[in-house]
Every structure is written in structure tokens, then in C-alpha cells.
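K.L.:
Can you build the whole structure from these sequences, using the hints too?
Using this note's numbering, the letters of the sequence shown correspond one by one to residues 194 to 302.
Simulated from the structure, these hints should not be mistaken for lab results.
Predicted model only: the values in this text are computed from it and were never measured.
Take these hints with a grain of salt, some might be off.
Said to hold, decoys possible - Calculated cross-link-like contacts (lysine-lysine; reagent style DSS-like; alpha-carbon spacing at most 30 Å): (1) Lys228 with Lys255; (2) Lys228 with Lys204; (3) Lys294 with Lys262; (4) Lys225 with Lys200; (5) Lys274 with Lys255; (6) Lys294 with Lys282; (7) Lys294 with Lys255; (8) Lys282 with Lys255; (9) Lys228 with Lys262; (10) Lys274 with Lys294; (11) Lys209 with Lys228.
To be verified - Label pairs and their calculated CB-CB ranges: (12) Pro248 with Leu216: 17 to 23 Å; (13) Leu285 with Asp231: 24 to 30 Å; (14) Ile218 with Tyr295: 21 to 27 Å.
Every residue, glycine too, gets a C-beta built ideally from N, C-alpha and C.
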Amino acid sequence: MPLEGIKKLLKQGFNKTEVARRLGISRETVRKYSKLPDGYTPVINRAPVENIVDPYLPHIAKMLEISHKENSFIPTTVIYKEIQALGYKGSLRWLQQVMQKYELRERKK
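P.N.:
Below you can see the structure in the form of C-alpha cells.
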């Protein structure tokens, strides 16, 4: 969230409620960030969350890279069966969501 954007809108004379509406954030967030000094960079101390597909991402990426080089398409169901053989216990739908989230197919193009 751009701290500068909040401060800029507040300096332009918009109230906190209007700034929150324009940026699509809560009024409390605007209030919290408006109190911070200029140039402050927030630090996030949250550890990344690992999902059950993550250990198989290198294998999936390799499969997609090979298919891209051969100018072919690998259906997600084939990828699903391949990583199931490697020990994946999740669902096909979850695999599809993760592939879409990371845009794995688009990255290989």
C-alpha cells in the first residue's frame, strides 16, 4: 500500500473516509498510515506460507518448459497425475488454483 498515496490525498484536503474509498482500504488503515512519518517503510515480519503444491513446483516448471520447447500443451490433469506419482496428496482443483496464482503457463511463454 503506497504510504505516499495516502499522505498525498490527505494533503489535497480529502478526509480519511474519502481516501479510504478511493484507495479501497479501510478507514482505520488510512488513520494508522497517516500517523506514520514521511518516508517510513513498513516491515512485514510474516513468514511465507508454504502450500502442498510448492515442493512440486520445480517439477511442474520443468514439464511446462519442455512442452513449451516442443510447442505442445500439457493438460493440468496430466501434470496432476505426474505429481501424484511423486507423492502429491492434494486435489486437482487446488493444483489448478496454484498454477493460476503463480501464472505458471504464462511464464513459460
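K.L.:
Checking one constraint from the list: CA of lysine 228 to CA of lysine 204, max 30 Å. Satisfied?
P.N.:
Measuring from Cα to Cα gives roughly 13 Å; hence the hint holds.
K.L.:
Would you check the hint for lysine 294 and lysine 262, treating anything up to 30 Å between C-alpha atoms as holding?
P.N.:
holds, 23 Å
K.L.:
Between the alpha carbons of lysine 294 and lysine 255, is the straight-line distance 30 Å or under?
P.N.:
holds, 18 Å
K.L.:
Between lysine 228 and lysine 262, is the straight-line Cα distance small enough, at 30 Å or below?
P.N.:
violated, 53 Å
K.L.:
Does the structure keep lysine 225 and lysine 200 at a Cα separation of 30 Å or less?
P.N.:
Holds - the C-alpha atoms of lysine 200 and lysine 225 are around 11 Å apart, at most 30 Å.
K.L.:
Run the distance test for lysine 209 versus lysine 228: straight-line Cα separation, threshold 30 Å.
P.N.:
Roughly 12 Å separates the two Cα atoms, so the pair holds.
K.L.:
Would the hint linking lysine 294 and lysine 282 be met if the CA-CA limit is 30 Å?
P.N.:
It holds: about 19 Å lies between the C-alpha atoms, which stays within 30 Å.
K.L.:
Should the hint that isoleucine 218 and tyrosine 295 are 21 to 27 Å apart at their CB atoms be regarded as holding?
P.N.:
holds, 25 Å
K.L.:
For proline 248 and leucine 216, compare the CB-CB distance with the range 17 to 23 Å and indicate the outcome.
P.N.:
violated, 37 Å
K.L.:
Take the C-alpha atoms of lysine 228 and lysine 255, compute the straight-line distance between them, and say whether it is at most 30 Å.
P.N.:
Measuring from Cα to Cα gives roughly 48 Å; hence the hint is violated.
K.L.:
Can you confirm whether the C-alpha distance between lysine 274 and lysine 294 stays at or below 30 Å?
P.N.:
holds, 20 Å
K.L.:
Is lysine 274 within 30 Å of lysine 255, Cα to Cα?
P.N.:
With Cα atoms ~15 Å apart, lysine 274 and lysine 255 stay inside 30 Å; holds.
Of the numbered hints given earlier, the model fails hints 1, 9, 12 and 13; all others are met.
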